[in-house]
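Enquirer: Sequence:
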Amino acid sequence: MSGQPLAAVIIPAHNEEGVIARLLRNIMTEAEPGEFEIIVAANGCSDGTAQAARNAGQSITVLELPEPSKVAALNAGDAAATVFPRLYVDADVMVSAETLRALARVLSDDDGTRSSSADGQTTSAVPALAPGPLAAAPALRTDLTGASWFVHAHYRIWELTDYRTRGHIGSGIYALSRQGRQRFGRFPDVIADDRYVQQLFTLSERLTLPEHTFTVHSPKTLRALLRRATRAAAGNLQLQASANGTESAHPQAAAVPAPGSGSQLNLLRRVLPKPALWPALAVYCTAYLIPRMLAVRKIRSGRMNIWERDETSRQWH
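No gaps in the numbering here: position 130 of the sequence shown is 130 in this note's numbering, and each next residue is one more.
What the hints contain is simulated information worked out from the structure, not anything from laboratory work.
From a predicted model like this one, the values you see are computed outputs, not experimental measurements.
Don't take every hint at face value.
As the list claims (entries may be wrong) - Calculated cross-link-like contacts (lysine-lysine; reagent style DSS-like; alpha-carbon spacing at most 30 Å):
| hint | residue 1 | residue 2 |
| --- | --- | --- |
| 1 | 220 | 274 |
| 2 | 70 | 298 |
| 3 | 220 | 298 |
| 4 | 70 | 220 |
Said to hold, decoys possible - DEER-style ranges, computed between Cβ atoms:
| hint | residue 1 | residue 2 | range |
| --- | --- | --- | --- |
| 5 | 57 | 274 | 42 to 50 Å |
| 6 | 301 | 98 | 38 to 46 Å |
| 7 | 144 | 186 | 34 to 42 Å |
| 8 | 273 | 105 | 36 to 44 Å |
| 9 | 266 | 242 | 21 to 29 Å |
| 10 | 57 | 296 | 41 to 49 Å |
| 11 | 276 | 82 | 49 to 57 Å |
| 12 | 285 | 80 | 40 to 48 Å |
We treat Cβ as the ideally placed atom computed from N, Cα and C, and that holds for glycine.
Please construct the entire structure, taking both the sequences and the accompanying hints into account.
Expert: So, in structure tokens, the structure goes:
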């Protein structure tokens with residue numbers, strides 16, 4: 001492929017030796033040479049994550065950071081990237097080059113014009129386009145293979161929440177145009193980076209690509225689900241209490257629901273008329289309330305640096 005890459009793909013990775021190669025191979029097999037600027041930011045790894053990333057392709061830039069910090073990895077990846085749009089991809093998801101390509105293209109013309117010259121300057125010979133979205137993500141597909149009934153039940157209800165049905169970006173992948181990335185400076189020191197980014201944009205500025213998907217592997221057990229949910233709940237509470245989460249938010253984005261919050265009434269309206277969903281709703285409520293209680297305890301005890309990592313979702317077969 002001639003010219004500059006379509007987009008920068010930034011992948012923060014902490015001890016992801018078991019999954020990083022699979023993600024990179026999936027992308028590299030379908031991508032043209034030089035199509036993407038792929039940057040893996042290995043942070044605080046004690047395994048072979050960095051080497052596995054290097055082995056996946058010579059064109060991949062691998063950064064090695066001494067401390068385990070996703071935020072530091074995101075900022076380091078941004079500093080190393082040279083092109084826009086920016087695609088931020090978790091190491092444990094599965095996504096195709098075709099999907100990344102679609103994200104790059106939908107975000108490449110956010111100013112309403114196409115760049116055609118070598119230096120990226122727009123030429124007068126290229127017609128203007130309507131302004132595009134500033135943030136985008138593919139549609140999330142949850143792989144429940146091997147998961148318990150309780151996990152299946154939880155996700156059955158989760159898919160009905162406002163968070164999933166109203167401009168959802170994050171949960172593994174989100175992408176920002178040049179103009180969108182200018183909405184904030186460095187990534188703040190918060191757990192919920194995806195939620196932080198989502199609340200910076202109104203619904204009209206965000207786009208989910210329904211015909212392009214990425215896959216997240218669910219926890220396999222209820223215990224693992226609660227661990228993951230506790231981390232997410234702590235991140236959302238931290239963001240709500242942080243100046244980074246309130247002062248930087250787009251004024252019209254405050255109404256965007258966080259996972260499970262602000263949308264309970266809408267969810268009940270969807271579920272209560274369907275008695276077959278009531279058992280699943282009970283599981284969902286349990287997996288909503290318990291993690292939030294644990295998250296409050298986690299914050300009060302100052303244990304935000306302890307990462308409730310779910311290893312069961314990394315056991316692919």
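Enquirer: For every hint, state whether the structure bears it out.
Expert: Hints, one by one, checked against the model:
{"no.": "1", "hint": "220 - 274", "in the structure": "holds, 26 Å"}
{"no.": "2", "hint": "70 - 298", "in the structure": "holds, 19 Å"}
{"no.": "3", "hint": "220 - 298", "in the structure": "holds, 23 Å"}
{"no.": "4", "hint": "70 - 220", "in the structure": "holds, 24 Å"}
{"no.": "5", "hint": "57 - 274: 42 to 50 Å", "in the structure": "holds, 48 Å"}
{"no.": "6", "hint": "301 - 98: 38 to 46 Å", "in the structure": "holds, 45 Å"}
{"no.": "7", "hint": "144 - 186: 34 to 42 Å", "in the structure": "holds, 36 Å"}
{"no.": "8", "hint": "273 - 105: 36 to 44 Å", "in the structure": "holds, 40 Å"}
{"no.": "9", "hint": "266 - 242: 21 to 29 Å", "in the structure": "holds, 26 Å"}
{"no.": "10", "hint": "57 - 296: 41 to 49 Å", "in the structure": "holds, 44 Å"}
{"no.": "11", "hint": "276 - 82: 49 to 57 Å", "in the structure": "holds, 52 Å"}
{"no.": "12", "hint": "285 - 80: 40 to 48 Å", "in the structure": "holds, 43 Å"}
Comparing the model with each numbered hint stated earlier shows that all of them hold.
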